[in-house]
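So the sequence lines, in the order shown, correspond to chains A and B.
Heads up: the first sequence begins at 1 in the working numbering, then just goes up one per residue.
Heads up: the second sequence begins at 1 in the working numbering, then just goes up one per residue.
Check each hint, because a few of them may be wrong.
[Said to hold, decoys possible] If you want the ones that stay clear, here's a sample from chain B, every Cβ over 12 angstroms from chain A, calculated: (1) Thr34; (2) Ser419; (3) Ser480; (4) Glu528.
[Stated by the list, open to error] Below, in silico cross-link-like pairs of lysine to any residue (SDA-like), each with a Cα-Cα straight-line distance of 20 angstroms or less: (5) Lys290(A) to Ile538(B); (6) Lys427(B) to Arg64(A); (7) Lys504(B) to Leu73(A); (8) Lys428(B) to Pro128(A); (9) Lys98(A) to Lys428(B); (10) Lys389(B) to Gly65(A); (11) Lys5(A) to Gln481(B); (12) Lys428(B) to Ile61(A); (13) Lys58(A) to Lys230(A); (14) Lys277(A) to Arg40(A); (15) Lys504(B) to Phe69(A); (16) Lys290(A) to Asp531(B); (17) Lys283(B) to Asn140(B); (18) Lys5(A) to Leu477(B); (19) Lys54(A) to Leu474(B); (20) Lys389(B) to Phe171(A); (21) Lys98(A) to Tyr9(A); (22) Lys428(B) to Arg40(A); (23) Lys98(A) to Leu474(B); (24) Lys277(A) to Ala35(A).
No wet-lab data here; the hints were simulated from the structure.
No residue lacks a Cβ here, since even glycine has one placed at the ideal position from N, Cα and C.
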Amino acid sequence: METLKSILYFIVFPGFLFTAIAGILVSWIDRKVTALVQWRVGPPFMQPLYDFVKLLGKETIIPRGSSKFTFLLSPVLSLTSITIVSTMLWHTFIMPSKGFVGDLIVIVYLLVMPSIAIILAGFSSANPLSSIGASREMKLLLSYELPFIISVLVAVINSGNEILMGNILMFQNNNGAIAGSLSGILAFVVAILCMQAKLALVPFDAPEAETEITGGPFIEYSGTPLAIFKLSRWMLLFVLPLFLVGVFWGGFRIEGIDLLWSVLKYVALLVVIILIKNTAPRFRIDQVLKLFWGPITFLAILAVILAYLGV
Amino acid sequence: MNLILLTIAIPLIAGFLIFILPKKFTNITKFLSTISILISFIINIILFINTEKIVNNYFMFDNLSKFILLFIGLFAVFVIIYSLKYIESVTENINMYFSYILFTVSASYGAALANNLILLSVFWGFLGFTLYMLINTNDNATAESSKAFIIIGATDSLMIIGIGILYYITSSLNISSINISLKQGPIFLPTIAFLTFVAAAFAKAGAMPFHTWIPDMSEKAPIPVTAFLPASLDKLLGIYLLARISISVFELNSSMTFILLLFGSITIIAAVFMALVQHDLRKLLSYHAISQVGYMVLGIGTGNPVGIAGGLFHMLNHSIYKSNLFLISGSVKYRTNTMNMDKLGGLAKYMPITFIGAVIASLSISGVPPFNGFVSKWMVYQGLIDMGKAGSKLWILWLVAAMFGSALTLASFMKVIYSVFLGRSEKKWSFGDVNWTMLLPIIFLSILCVGFGVFAFAVPLKLFIIPALGEIGLFGLWNSQMATLLMLVGIALGFLIYLIGNMKNVRESDIFIGGEEIPSNKRVTGTEFYDSIRDISILDKIYKMAEKKYFDLYEMLKKFTFAITNRLRLIHSGKLVAYILWIFFGMAVLFILLNIRG
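One chain only, chain B, in its complex shape:
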């Protein structure tokens, strides 16, 4: 118990110290944040290994929350190490940045461990605030950060209503002691409570329709913030909350499952289609951060053990490869100072390690075997097929959405690989790979991508997922270690053929385009690859509507609100007499009403 408080307190205290430290002591700031985050990560490891289960009125430390805690710590370590060098190129308020990151870590620990619903909503609300401050690190992102804050804050207040309803029904505020079935009895109030929690989880994780803050903020916020919050931490927390409420707090009925599956599928397909046509690397990645949530929601929506395990595992895998991809985009920006894919190209030769990391992470997110993304997607698919065994008819719709979404993801990452790393650039670059503090997280995360894929059953599933959920009942077959071994043998065979072949006579030569010289500014940029998809008439209309933000709940509500307030504004004429008249009129109405009642 003390260790739990300690791990929450250390980043908080370190954050305060850095907060009050004068600006110029940047080295102390960096040292303090690195040390505090390392200590809290080590405490998390000790907690993970030694502590079985603690449940009291305030905190709940069980197999699910302890692995979330472990990975929040891990990603925090990576992001802080990466930021040490990177952040200098972005902002001068280094101490503010680090202190808010540490506050975020502390609040996330709290949210993941909270057993008391009030405590949960306090931590949750505080996270919205730190997110706001982090997005606005450079003071140039007021609109974007307010958008994020309003979306998250609004769903947060919805959740507070949900907490109120839960208290009204069960007169308890402890997550561990609430268990409501939506299958029988009065379901109206519990359903509303469940939906408010779903809204909070969706907004945090970035599932549709509460996703719009992510692409907007990604353009302005420092990249490590994007890598830390929407890509990894918010996924961990949002999906954790969703899993918690759909596994232990509520027992879902078929219409609730249907809602989850529907939103999951729409999120996958719609977001990935948006990603296909982006020109800005960060925006593209952030649309994928939305699309991948769909798989997690689908997995949890299946309601069977294998699907839920797949959803949680996908959450973990996504946090790994997506934070990796964002950090890689950060390195690209650090070197080239642009995120426009029309201008990039040919970086593979200059940044080889970053390139390999990008390929691994891209193949992982596209679900190519044997990387980690494949295993979790494959488990989600089994969950969906299992629903069919249980008599559902619509499983095929969700499954096709998920599998086809995976092909679209591959397409959009092939575009990234081409237009950023291969292909030709507009100009000649002259730099090498980035600093080691920026490479280290990328290397580690890439190793995790491969390791969690190849040894999926031996390591992550066995250590993290199965203890949290119990037996998961896989019925498909995927022997990842054997498959990897065979692939390696195959690659060795291929190189054997190279040895047999005439590889002594290797010559470099200019490219061949019908024998013509080609000027270096004539090049194919990857960004136009999918224009022929865009030009399909139905899709064209949808894309145009999306660009006008018709699908953006926030913008639509904003328009609606302004339309109403513009009318109401007329009442505020500024004439005192009119105001007094209104006051008297109102009082008169009130008196009359009270008289009627009395």
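Same shape as in the complex, but just chain A:
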């Protein structure tokens, strides 16, 4: 019975269907705000959905000499892992006292899987450009993972060595958000930068870099597999800011007026992402490495030291 219920959670709410619809909505916000920044009108509300459905109907082209199985499995892998993370997050938002599937470490690990999917996709395409893109994705992962881990651990330290998402949320309910302290806000800023890289958005979009390697890992994708990839990217844009809200910013509450406040928190993060994306130029991948392993990791370490000092 529990199992069936969990599968239902996973497929309908707060899993796949919910996250997919929210993702489509979020991608519309992304495009609309981008358009506003650029003094354009922007697409109509339903445009992302039209795009998705249209891609489903298009012909699928598989590159010759590629590993077909890996090529078709990668988008699905990305979709699956994001859906699981979303289900886990919402489950803890709604019922913090009841754990679901895994703790904070598990979520950090599951959040690596979309990147693995993109890398496998690029490798299996047998295209030099997609291989380069995939290798950049791997280096990008390496670069942000170090400060990302440290910044998430600041939340663990500040909440008294809790690693269950639910306990971190309840700690924040009782003692105020993690980002309320100096160490917390520093870690939060670091995590926001890492999130930008995790989403592979400008200035950290070297893996896709449409103007130099024409989309990198996605260059050979078309039709349905591309539709799945696009959907999973939109879903990630929905899930990752929520993860940060959960870890650093008091969580997402759904009772009464708190709901409005929670949505505002999320939208604020989203707008930050979109604004950075639209106002920054692209870093080269070696610059990204130096940036993340240098100053940003330094900031994260500073946050840890501050956390130990209790501020």
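Following the hints, complete the assembly by docking chain B onto the known chain A.
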């Protein structure tokens, strides 16, 4: 008790028989080794199920040693089955090879079961000898095998000093009756004894700074030897010894824990950075065999039940996926006759089963859920976080090293997957997957990788780890069965979308590179993927120093020794008169000294 002696004796006797058998009876050799190893494995299973605990003056058979025994047997079975076909392509001394493998198995059983410290050191020393012979199977690896032998032998002699100290302190030689606390009382001698044991365990398992024999030997030794010794058996034994001494023989104080954690973290990070830039598949894998020891040392260094359980479980998991990976590299070499990743590529189409095995093992070693490597790493992390609860401040350093090391591991295995199995090859291959005797171990080990991950709490932890350690007190949450189920549902959902989508219109087409034709020799090899990491100025300097072997304790000591002996050599002029003069001079000095004392 008799069964214990029997399981040690059977491989030994079979080994002797094969040893004296003429070279040409290869089939008898193969038959005899397979049968003897199967029988001893079955005895191990019977022992595991039926026997509770035996402790006498010579042997100790308890929950910890019995699961080590079981897995030594299991890996021996896999390696011998794999070698049946593979070894023909490597050497002509087939009977020597099999007899040394059997000797190794027998001695490892003995080392895992020994209760008497002298007996332990005898088996331990004998293992060094068989390792030497196995590395040098082809008579082309004298330098490498001597290096391994000297490193292991030297730490072995250190351990004998440690045994002496223990006997001096406790006047007992039985592991089961020694229990020394390093927290109070005189700690100087016990600390030295503990460190000598740690050195022996580190050298065996391949933790830094005694790791350097593994990458060197991996290039020359037959691959099943690498898969058997440094990848699985030596990990089992080394970590077993480390666990034994840090759990029951000694009670660690905080500075000893600190040493373990420090070396564990350095091992993880340094070895994985070396692995990132390798071009040779075997060398890359062997650097990972070093790096992963760090997790086990970290786990045991935490000193709390969940960490120790994680360390032991990681030892088990590592033996599974790493021997799998080495065997896979063996299959690749068997087919393509090269281990240079610049030359490989595109093997996924020709060796599909090997490819799937490689993906599973790579994801396991990188700690991707729901495979087995994830569970044990996750337990080690909890052990580290638990240290923080107990008041330690440095836990975050060890934890970041461990988690970041895991991302680096993933990076280096993505490179392997790309440059060996996906990507484009230099030439067109024309072969299929390998022989079934070579596939069978790979399939089994891959199933174990998945099974031990998905059913971690129901099977391996429940059967092997918890009986050995008692309750482990997990405080994190990982419902692996549910997560796997959801992943499967997710994959099914994905394929449902494929069904909804227009998948009837699937077309194969050439790749698109801005509309240009691309010659087949223009390809991206995976080996240069991480050159931009290498080019970071600090790392560049460290890499250059590592290539000059500045971090290789063995090479440094060798240089030091030669520097001294070159001076001392001058004394040996070859003139008899000079020698006699020296002798008389020495005698005179001795007489004078004795006179003063008397």
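Any of the earlier hints contradicted here, and which numbers? Hints 2, 3, 4, 9, 10, 12, 19 and 22 not satisfied by this model.
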